[in-house]
Each structure stands twice: as structure tokens, then as C-alpha cells.
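Trainee: So the protein sequences, as listed, match chains D and A.
Residues in the first sequence are numbered consecutively from 1, following our numbering.
Residues in the second sequence are numbered consecutively from 1001, following our numbering.
Since the hints were made in silico from the structure, they are not lab data.
It should be emphasised that the depicted structure is a prediction, and the values quoted were computed from it without experimental measurement.
Fair warning: there could be bad hints in the mix.
Quick list of in silico lysine to aspartate or glutamate cross-link-like pairs, EDC-like style, CA-CA up to 16 Å [stated by the list, open to error]:
no.: 1; chain 1: D; residue 1: K34; chain 2: A; residue 2: E1100
no.: 2; chain 1: A; residue 1: K1039; chain 2: D; residue 2: E111
no.: 3; chain 1: A; residue 1: K1232; chain 2: A; residue 2: D1177
Footprint (simulated), chain A over chain D, 3 or more residues, beta carbon under 8 Å [as the list claims (entries may be wrong)]:
no.: 4; region: 12-22
no.: 5; region: 47-54
no.: 6; region: 157-163
no.: 7; region: 182-189
no.: 8; region: 224-231
Note that beta-carbon positions come from the ideal geometry of N, C-alpha and C, so glycine has one too.
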Amino acid sequence: MINDFIAFSLPPILIASFAALACALPGNFLILRKQALIGDAISHVVLPGIVLAFLVSGSISTVPMLLGAAAASLVAVVLIEVIKYFGRIEAGAAMGVVFTSMFALGVLILEQSETRNVHLDVEHVLFGNLESLIWLEADGWASLFTVSDLALLPPELFRMIGVFLVVALFILAFWRPLVLMTFDEYYARTLGIPTFLYGLALVVVTALAAVSAFDAVGSIIVIAMILCPPAAARLMTNSLVAQVWISMGIALASSVIGYIAAGHMPLWIGLSYTVSAAGMIATISGIFLGFAALFGQHRSRVT
Amino acid sequence: MLRDALVLSLGYNATLVTLGAAILGCSAGIAGSFLYLRKNALISDAISHATLPGLGLAFMLASSLGFDGRSLIVLLVGAGFSAALGLMAVSWLTHMTRLEKDAAIGAVLSVFFGFGVVVLTIVQNNPSGSQAGLEGFLLGSTAGMLLNESFLILLTSLVAFALLVIFYRPITLVSFDEGYARSIGISVRLVDYLILAVALVVTVIGMKIVGLILIVALLIIPSVSARFWSDKAHRIVILSGIFGALSGYVGSAVSAVSLGLPTGPIIVLCSTAVFVVSFLFAPRRGILSSMIKSLRFEQTLHLAQGLLAIAQEQPIYEAKTLRILKRKGYLRRDSVPTQLGYARAQKTLLNERRWAYWINHHNGTQGPHTHQISTLIDIEQKLTPDQISLIDQGLANAQEGRLA
């Protein structure tokens, strides 16, 4: 029982948790800066990048896919800015044009190429493959302290831990300028803070978290985790520090509860199958947000 | 083959699909342009993702009651219900809490979609549901569509279109001038609901053809494309409808003749093509015309500065200015002003002095706006001869005063 849990459930729970934390951290700033839908846009635009990377490299290994996804995000950001600036179109609509077009392009290339027979498909990008990230070599608690066994953990885990650390360090290191420009961009600028650069860096960090999380956990978790935990936390406190900590707690809780609810609960109630963990984690984070919206201390708009 | 499809002679079913896609595109374009004018374009993203749980739950409910869960109408009604719930959730989060609208949209779309995926996995794991084909709604599939399904789509697109036509006046009034619409007793709330309801109907029927992830494109791209062609809201609405219809029509015809091409992405990429053409080549707001305009402006500016310099006998160093002046014949090749150049320079200087006097002494409303450059505006075109002679008199008096 415990052995099974460590082999089959612990790695996905940890991966989902670190992915959730890495996404929720920048989300705290994005929801305050009215850039909440960046995660949504990124999750659509990476598809052509991933597909093209697959066609070029011929393999579904991680590095080319991450590069493809990163390149596609970059193209999308440039296109959105070009349409906004030269076309004088507001941000939301410009984003809508770019992400739907790029997603359509991705689907088209995918359907036209042989890739549809490999496990790379649209559903994979959307839902991830959390359930398949297992640690077969694990042999009870002892494995957690055995270096040779730990090395055989799914590589996604190390990647997500690394990305989480990068994101956390970024937020910690630039906490003051980030806070200043989030609440009063003009004041921040008078202090000589390069707000444009920090804004860009925040988007890049978000993209990094999102892109590396896609492969492992799918884009639903990414969008949900950028938004729901910070939004719920914002309805519970007025302090940004507290908001960040609460959002991390909610992200963590959603991942753990969501995975257990999807992977174990159906079996406890006598069903013979499990349901999508990615979907369940997003659902649980939504339930947290629902409760915060109903009972949060600071839920109402101050007028 | 493509011509066959375009003139609708590719069989009854394909014709119905093509017509349905065209009407769907038209309704989506019009509804989308209203969303765009109300600055609410991305709400369609929430609507479309929120349909997913409804699809699965409707299938499960209908199957457990002994009906055929795959029936399109059952699925669409279910999808409509959950999309409506999603809309209510967005509106609740935006109005009752301090969350911004984009955060509310993103949260609702991801949570509903996530829950939808959970429901889908349940459906797939039930023996009755493994052939439900619900995944087809993610990206749409017109292949193997039944005749009565095509009819249903055609009919519903017509209903959406009819709603837009019937309520065109109140909707346009609210979209263009909310305050005026309110003052003549139109309920802005109701009209907003109506726009959202039509967008919802379009989304739900569009799911079958374009798929729920891409239907957003048909609600956003045509209206943004139309924006490049006109500043008048009426024209934007109508053009957006035409662009949408064109995309749906051409896209579904193309995919009908080439079996490998998926309908949804092709329709979307057709609308993207319309967008690219609009973005580049639309008169006035397109990139090309903006570039030409700014080049021309730069030239005029160089010309005016160069002529002023000639008139005041100052040296000109800027290579570009010299080049333009020479090309116009105002300078000889050795950079000495020609007769014509002197004449034009005097005229430009006079224009400049007249404007300076007018702005200082009369503070006239006919003067250049702050962002315009007086040198570039011919004063004789803007003011009456009487005003000009007044200015000239003033200038002459000032000259005498300075001499005395």
C-alpha cells in the first residue's frame, strides 16, 4: 500500500505541487496587473511550437519541445505587441487574435503530420500526463533516502523543482520593485525603476513556469494555478505578503487534494477507474476560489 | 473539386455544412463585433471552455435515463446550460468580489474546463460512453455528420442571426453610445444579456463544426479585422459579419474537398488570412497606409524645415533635407538655392510668421492643435482673407515698431 503510494502517487503529487507553486507565485502579480489571461494565451500559443519542434527533432524529448514552446511564446508576444502598437487594437482583442490563430495553426500541422500517431496530441498538451509520471524503482520509504533510487525519479520532478526555485528567487530578489510597480507604476518610474523591463521579466518568468509545466501537468493546471490560488488569496487578505503565502498554501492543497481525489477516491467508492488528475486539481482550486468569494474577509470591492 | 464545393454542388450534406458554417460565421462575426465594441471580447473564451462539463453531464444524464446520449440536441442543450452557468460565475465574481474581469474569466474557464475533463474521463471509462465521441467537440468534426445534425446547426445559426437582425437597433445603440441608449429608455443590462445569449448560442453550435477551443476565434478575429476598415461602428458590425461568413464558407468548402484538412482550424486560419490582409492593406488604418503616411509626413517636415533655413539664410547640414530639397528643385546640385527655392522659402517663412502672430495675438480656435505643426498648415487655407490682412497689418506694425 505504502509502496504503491510512493511509486505511483508521490511523484505526480510532488510534480503537480511544484508546478502549481511555480505558476501561482507570478500569478499573484499578474492578477493585480490585469494580465491574468497571459497564462491562457501562453497555453494556446505553445502548441505550434511544440509540434514544429517535434517535426524538426523527430523525438518527443523534453529539450526541443521546451525550446519550441519558448520560441512560440516569444513569437506570440511580439505579434501581440505589433498588433497592439501598429494596429491600435486593445490588448485583449489582440491577444485573442494571436492565440486562437496560433492554436489553429498548431492543430493543423499536428493533423497533417504523422505526429498524430505518437502520444503527442492536443489532449496531451491540454491535460498533461500526470498519471504516467511514476517511480517504478521505488521500494518503500527506504528509497526516499537512497541516492541511486532518487536519481531514477521522473526527470520532470527535478525540472519542476528547478523552475520553482528560479521563479521563487526572481520574486524574492526583485520583490520591492515588483510590488512598487504593481501598485503604482508611475511612482515606481519616478524612482527610476525600469518598469517595462520588470514587466517583461515577469512575463518571461511566467512563461518559463508555464512552458515547463505543460509537458508534465498540461495547460489546464497552468491556467488554473496562475489564477485561482492568487485570486482566492486576494479575497482573504489585504497584505501582498500574506496573499502570496496563502496562494502558495492553496496551490499546494489543491494539488495534493486534487490528485488524491482523482487517483484514489474513485477506487475507495468502488469504481474501477480513476479520473483526470489535472482536471481535478483545477476543479479543487476552483472550489477554494468559490469559498473565498463567498466568505473571504476582503472579498468585496471597496468603493 | 474546390469549385464544386464553393458553388455548393458537392452533395446535400456537404452543402448544408458549408451553408451552416457560413451562417454560423456571419452570426459569430456580428455577435463578436458587439462584444468587441463593448470591450468584452475575451468573455467568449470563458463561454466556450465552460461548455465542456455540460457536454459530459448531458451525455451521462441522457444515457442513464435511457435516451441516446449522443444526440446532438441533448449535448448542445447541456453545453448551453453549463456555459450559462460559467457566464453567471464570471458575472458573480466581477460584481460581487473585487477581482478584475480578466481574472474572473481566466479562473472560470480553467476551472470549468478542468471539471469538464474530469467528467470526460468518467464518460470514457463507462462502457456506454466509450464511443460517445465527445472529444470531437474539442476541435470540431464535420466528417460523418448526420443529416439532421446539419439541419439543426443550420436552423440554430439562422435563429442566432435572426435575433441579431431583430434587435439590431437597440444593440447597436447600446454598443455605440451607452449613455444615449439609457436616456431613451433602453435597458443596457438586458441588451448586454442578449449579446451574451447570442454569443452563447453561436458558441454552442459552433462547437460541432469548429470545436470549442477554436470557436473563440470566430467571435474575435472578424471584428478586429473589420476595425481596420472603418471607424464607423455600423460598418464594423456589417463587415465583421461578412468576414465571418466568408471564413466559414471558404474554410468548410476547402476542408470538404481535401479530406485530411480539419474543418475548424481551416476556418480559423481563413479568418486569420482576412485579418492579415486587413492589418497590412486596409486604407488609412492598415500598416502599409500608416507607413506611407508617416513617410510622407517626414518628407513634408524636412521640406518645411529646409525652406525655413533657406529663408533665414541658415546652413543646412541634414543630408536627408538636402536630398529632398534638391529633388524638388529648390536647391541646385551644389546646394545653392534656386529662384523657385527662394520663392517657396519666403512663402513658408511668411506662413510661419503669420501663424506665430495669430496664435500670440488672437488665440484663435482655428489655429493648429497642439499636436500639429503650424509650418505644415497653409494659413491661407484655414483663415479668411480678412483675418489674413489683419495679421499682415499687425506684422507690419510690429516691424515698424522694431525699426523705430
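Trainee: All the hints need checking, so say for each whether the structure fits it.
Mentor: Hint by hint, here is what the structure shows:
no., hint, verdict
1, D:K34 <-> A:E1100, "holds, 7 Å"
2, A:K1039 <-> D:E111, "violated, 34 Å"
3, A:K1232 <-> A:D1177, "holds, 12 Å"
4, 12-22, "violated (count 0)"
5, 47-54, "violated (count 0)"
6, 157-163, "violated (count 0)"
7, 182-189, "violated (count 0)"
8, 224-231, "holds (count 5)"
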